[in-house]
Amino acid sequence: MRTKHLTSSFGISALAGLAMGAMASFAMPAQAADDTIKVGILHSLSGTMAISETTLKDVMLMLIDDQNKKGGLLGKKLEPVVVDPASNWPLFAEKARELISKDKVSAVFGCWTSVSRKSVLPVFEELNNILFYPVQYEGEESSRNVFYTGAAPNQQAIPAVDYLMQKEKVQRWVLAGTDYVYPRTTNKILEAYLKSKGVKPEDIMINYTPFGHSDWQSIVADIKKFGSAGKKTAVVSTINGDANVPFYKELGNQGVKAQDIPVVAFSVGEEELAGIDTKPLLGHLAAWNYFQSVETPANAEFIKEWKAFTKNDKRVTNDPMEAHYIGFNMWVKAVEAAGTTDPDKVIDAMVGVAVPNLTGGYSAMLPNHHITKPVLIGEVQENGQFDVVSKTSGLVPGDEWSDYLPDSKDLIADWRKPMSCGNFNVKTGKCGGKGS
Amino acid sequence: MRRALRWLMAVCVVVATSTAVYAADLRPLVQALGSGGYSGTEKALVQLSEAGDPAAVPVIEALQAGDLYVRKADGTVVIARKAGDAFTLTDPLTRAALGDAPAAAVEKIRINNSLRRAISASLGALTLMSSDAGVRRSAADAVFKSRDASALETLTAAIAKEQDKGVRAAMEQARAAILLTGEAASKMTDAEIQAATDTLTARGDRDALVLLNMVAGSGASDTTKRSAAAAVSTLEQKLAFWAALQNLWYGLSLGSVLLLAAIGLAVTFGVMGVINMAHGEMVMIGAYTTFLVQEFFRAHAPGLFDLSILVALPAAFLVSGGVGIVIERSVIRWLYGRPLETLLATWGLSLALQQAVRSIFGPTNREVGAPSWMSGAFELGGLTITYGRLWIVIFAFAVFAALLVALKRTWFGLSIRAVTQNRPMANAMGIRTARVDALTFGLGSGIAGLAGVALSQIDNVSPNLGQGYILDSFMVVVFGGVGNLWGTLVGALTLGTMNKFLEPYAGAVLGKILVLIFIILFIQRRPRGLFALKGRAVEV
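From first to last, the protein sequence lines stand for chains A and B.
Here the working numbering is used: the first residue of the first sequence is 386, the next is one more, and so on.
Here the working numbering is used: the first residue of the second sequence is 1474, the next is one more, and so on.
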């Protein structure tokens, strides 16, 4: 009996050693040198999220490389420090700590899922560093140390619903999502918004599925059934990552056409469509702040550079990549303005910085650490790209605390002095409220 | 008599108007398609369709296919087809060749959903009089969907001269749809309304239900509403019956996917007793083999693409089986009889294999196309059955039968059973047990590879593919009874059906939890699963 225990514990430790060795090999060793500015890149390169996050690591390397070719920053070279949090949420916090304390990076670009962001948030606040978060998210958060360059719900979900309501005359809504914080919060906001627009509760169907759900037969059949009540129906999809491919395949198989029941997605971009035959999906929609198909000189240049950098003519660009493009350029500008990489000074210099985005305009950093963006609605084309069918006339400022949720509608965030507060309650006039 | 007279008049009107517009020149209307953005194109399209000239059909079809372009130099609307780097231009109306143009010289007329709807509606209205019965049929279906009141006259005329029964039924349904939802409803007699609702009830599908619901909730007269509401309840009863059958089919289909994923495990875990956490990765390797085979076909024989899946089957079996044999020889054979170590070692292997595939193929999904005979769906009564799922069900049962025959009827199967039941005795009888172990593990892995080919049709081909199935596979094998193939079959089908019947009521998340709770309780009662093995073999 004893030998058995011994051997089994030996097996475990051997395996653990193997696994750690494998992980360590992904982290690039950082050399200490005073003539470089270090930039942390905290994106999963293995595990379930690698599918989305690896691209963002590559785009950061490209942007840093580019900046170095232009002469670096403050006369120093930029040095990327890449770590692999392996789609493991607690590991995100550990790796963030390692980047800040051990590698002494000046800023970190990273995270994809909200849970990973929530996991690193206390680390950034404790060690006072800067995180640029490039993905559209559910809002209801504002931290002094985080800059949210992705879309808040009012920069993606609400304009998309407005488009369907006005242009497609949709009266019945299916809110379908993966069962975690982003879809749940977004759907809560959307439900409140739809009801405020006079949609009856029986005209809203909410459906959640587990991560990686692959058998969509009965849910698609349910959607068809819900759509046969004689009113124009649309699906608002917050289905995440891997589950999308089988979902769209099933839609195609069961003949749900965009002309009859359009699906508008918030997590499906060019990268996700790369794995599907898009012919049956013609006309389904996505709402983003950037599409690869946008025709501007800046975007053409970006795509050309990206294809050259990855040495792959088939690589596509997507919205979170643009968010990093904007975030990185903002950081560069703020560091130049502050004349130092000291996080406190850079954070103060960030608000009000405006840089060109890829859709032919400027994005500015707001006092709530969110940015202004245009909102674009695109229809899926046969070649896996999106055709922009609607674009907001102006820029939409990111709203961190939703106006449609009862416990956040009175909150605002303003990180300028003297307020310096992420959840100021305008009713009570005090800092502190939800999320404090 | 009155109706017949009205029809006659309608026919006269149609004949008169169609000859009148035949003379009209379509050119300015076609030209207008190219300006004013989406709304401009749509306006021109409606006018083009109202002109009623069949000569417009090829133009609208080109617009639908995305072949209609504007020549930038002079703003002429042309049909452009890609030929190499340039476009070959033709005149949309006369079909006269207009020479070549570089890609930069032309601009596509883009269409959105609302335009796509308008296109199907106008194509429907314009092709109702086509000489081809198939075209008339789809025209009738398009009009049914669009309920375009301007098509009513043409439709009535078309019904009068339609010879084909099926097409006429479709046309009458389309006519009923227009009459009930349009302004005409207020002028109709009760009998006419009843006839129209009856026509729709006879159609009996979800589209008819949509229409009837629309009528029942609209501002129509009380009689109309009453008759529609009655039809809705009849239809809903009928559809509820079909929905239950449909659920059964979904259950069968999910069950067969579970069966495919689990059946290889039933060999490695069930028969050999190896807790193989890397089983999911064998499935994944099978899916990637399919991808490679398809890439080969795409590059070298695009015409034979439909056969790629058939070639992928043996390829995936051999590749996954080969990897399985290597794993058995290098890792697992040292760990027989030590389940905990086997579990950890194979779990480590599964991570290593995933990362290896991620490094070679990249972390993003790979596209595996569906051959034409696996795409689309057909209707069976009120059931919608997709070809892809149907083939997977058939394939799962075929693999099951083949494995059963291999284990029960061949010498190889006999030696597998002998070795797993009594290793020393089998050895003494001259069976090379080590070789049988390797081949058995290879067989289980190869079958997992076959599952990968099937799963590549319905799921992501990504390095994470296997992870989604490993838990379900173990659940099926344990539930069915370790060591019993029939148990795996019954277990997979039971769990699949249960899941699908719970899903509509409890939701996908809670449904899955309920199934897990059920299995936990079941295993408490019957620790050896549904079909427990009896006899001495159990004790080994």
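Hints may be right or wrong, so weigh each one.
Pair by pair, the computed Cβ-Cβ distance ranges are [to be verified]:
(1) A/Gly583 x B/Leu1777: 53 to 59 angstroms
(2) A/Asn453 x B/Ser1508: 44 to 50 angstroms
(3) B/Gly1849 x A/Gly583: 51 to 57 angstroms
(4) A/Glu690 x B/Glu1852: 46 to 52 angstroms
(5) B/Arg1908 x A/Asn453: 54 to 60 angstroms
(6) B/Gly1849 x A/Arg482: 18 to 24 angstroms
(7) A/Val773 x B/Glu1768: 29 to 35 angstroms
(8) B/Ala1979 x A/Lys580: 20 to 26 angstroms
(9) B/Ala1874 x A/Lys554: 34 to 40 angstroms
(10) B/Leu1983 x A/Ser486: 38 to 44 angstroms
Computed cross-link-like contacts, DSS-like style, restricted to lysine-lysine with a CA-CA straight-line distance of at most 30 angstroms [unchecked claim]:
(11) A/Lys617 x A/Lys642
(12) A/Lys454 x A/Lys489
(13) A/Lys616 x B/Lys1555
(14) A/Lys489 x A/Lys503
(15) B/Lys1634 x A/Lys696
(16) A/Lys610 x B/Lys1985
(17) B/Lys1711 x A/Lys585
(18) B/Lys1516 x A/Lys642
(19) A/Lys573 x B/Lys1711
(20) A/Lys642 x A/Lys454
(21) B/Lys1516 x B/Lys1555
(22) A/Lys642 x B/Lys1660
(23) A/Lys503 x A/Lys455
(24) B/Lys1711 x A/Lys610
(25) B/Lys1881 x A/Lys692
Which residues of chain A face chain B? A few of them, derived with a C-beta cut under 10 angstroms, are [claimed, not checked]:
(26) Thr421
(27) Ser775
(28) Lys776
(29) Gly779
Treat the hints as calculated values from the structure; they're not laboratory data.
Note that beta-carbon positions come from the ideal geometry of N, C-alpha and C, so glycine has one too.
Comparing the hints with the structure gives:
{"no.": "1", "hint": "A/Gly583 x B/Leu1777: 53 to 59 angstroms", "in the structure": "holds (56 angstroms)"}
{"no.": "2", "hint": "A/Asn453 x B/Ser1508: 44 to 50 angstroms", "in the structure": "holds (48 angstroms)"}
{"no.": "3", "hint": "B/Gly1849 x A/Gly583: 51 to 57 angstroms", "in the structure": "violated (39 angstroms)"}
{"no.": "4", "hint": "A/Glu690 x B/Glu1852: 46 to 52 angstroms", "in the structure": "holds (50 angstroms)"}
{"no.": "5", "hint": "B/Arg1908 x A/Asn453: 54 to 60 angstroms", "in the structure": "holds (59 angstroms)"}
{"no.": "6", "hint": "B/Gly1849 x A/Arg482: 18 to 24 angstroms", "in the structure": "violated (53 angstroms)"}
{"no.": "7", "hint": "A/Val773 x B/Glu1768: 29 to 35 angstroms", "in the structure": "holds (32 angstroms)"}
{"no.": "8", "hint": "B/Ala1979 x A/Lys580: 20 to 26 angstroms", "in the structure": "holds (25 angstroms)"}
{"no.": "9", "hint": "B/Ala1874 x A/Lys554: 34 to 40 angstroms", "in the structure": "violated (52 angstroms)"}
{"no.": "10", "hint": "B/Leu1983 x A/Ser486: 38 to 44 angstroms", "in the structure": "holds (43 angstroms)"}
{"no.": "11", "hint": "A/Lys617 x A/Lys642", "in the structure": "holds (13 angstroms)"}
{"no.": "12", "hint": "A/Lys454 x A/Lys489", "in the structure": "holds (23 angstroms)"}
{"no.": "13", "hint": "A/Lys616 x B/Lys1555", "in the structure": "violated (40 angstroms)"}
{"no.": "14", "hint": "A/Lys489 x A/Lys503", "in the structure": "holds (21 angstroms)"}
{"no.": "15", "hint": "B/Lys1634 x A/Lys696", "in the structure": "violated (63 angstroms)"}
{"no.": "16", "hint": "A/Lys610 x B/Lys1985", "in the structure": "holds (22 angstroms)"}
{"no.": "17", "hint": "B/Lys1711 x A/Lys585", "in the structure": "holds (27 angstroms)"}
{"no.": "18", "hint": "B/Lys1516 x A/Lys642", "in the structure": "holds (23 angstroms)"}
{"no.": "19", "hint": "A/Lys573 x B/Lys1711", "in the structure": "violated (35 angstroms)"}
{"no.": "20", "hint": "A/Lys642 x A/Lys454", "in the structure": "violated (48 angstroms)"}
{"no.": "21", "hint": "B/Lys1516 x B/Lys1555", "in the structure": "holds (27 angstroms)"}
{"no.": "22", "hint": "A/Lys642 x B/Lys1660", "in the structure": "violated (34 angstroms)"}
{"no.": "23", "hint": "A/Lys503 x A/Lys455", "in the structure": "violated (35 angstroms)"}
{"no.": "24", "hint": "B/Lys1711 x A/Lys610", "in the structure": "holds (13 angstroms)"}
{"no.": "25", "hint": "B/Lys1881 x A/Lys692", "in the structure": "violated (56 angstroms)"}
{"no.": "26", "hint": "Thr421", "in the structure": "violated (28 angstroms)"}
{"no.": "27", "hint": "Ser775", "in the structure": "holds (9 angstroms)"}
{"no.": "28", "hint": "Lys776", "in the structure": "violated (12 angstroms)"}
{"no.": "29", "hint": "Gly779", "in the structure": "violated (19 angstroms)"}
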